[in-house]
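Q: I would like the entire structure built from these sequences, with the hints used as guidance.
My numbering puts the first residue of the sequence shown at 28, with every later residue one more than the last.
Hints are computed from structural coordinates only; laboratory data are not their basis. Beta carbons are placed, not taken as given, at the ideal position from N, Cα and C, and that holds for glycine. A couple of the hints might just be wrong.
[Said to hold, decoys possible] Estimated spans, in silico, between C-beta atoms of each pair:
id: 1; residue 1: Thr28; residue 2: Met54; range: 36 to 42 Å
id: 2; residue 1: Met54; residue 2: Phe34; range: 28 to 34 Å
id: 3; residue 1: Leu30; residue 2: Arg50; range: 27 to 33 Å
id: 4; residue 1: Glu51; residue 2: Ile31; range: 28 to 34 Å
id: 5; residue 1: Pro29; residue 2: Leu49; range: 29 to 35 Å
id: 6; residue 1: Ser52; residue 2: Glu32; range: 29 to 35 Å
id: 7; residue 1: Ile48; residue 2: Thr28; range: 28 to 34 Å
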Amino acid sequence: TPLIEYFDKIRVTIRVGDKRILRESSM
Numbered sequence: 028t029p030l031i032e033y034f035d036k037i038r039v040t041i042r043v044g045d046k047r048i049l050r051e052s053s054m
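A: Set out below in structure tokens:
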């Protein structure tokens, strides 16, 4: 269903954001 795809996109966005934050904090 479109709703599941929508949540998948949010999950991916959060994951990418976490990696970005970890990379910045490690610097």
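Q: Against each hint, give a clear statement of whether it holds in the structure.
A: Consistency of the hints with the structure:
Separation of Thr28 from Met54 is about 40 Å and conforms to the stated range, judged on CB atoms against 36 to 42 Å. Separation of Met54 from Phe34 is about 31 Å and conforms to the stated range, judged on CB atoms against 28 to 34 Å. Range check, Leu30 to Arg50: Cβ separation about 31 Å, and the 27 to 33 Å hint holds. In this structure the supplied range 28 to 34 Å holds for Glu51 paired with Ile31, their Cβ-Cβ distance being about 31 Å.
For Pro29 and Leu49, the Cβ-Cβ distance of about 31 Å falls inside the hinted range of 29 to 35 Å, so the restraint holds. Evaluation of the 29 to 35 Å hint for Ser52 and Glu32 yields a pass: the beta carbon distance comes to about 31 Å. Taking the beta carbon of each, Ile48 and Thr28 are about 31 Å apart, inside 28 to 34 Å as hinted.
The structure shown violates none of the earlier numbered hints.
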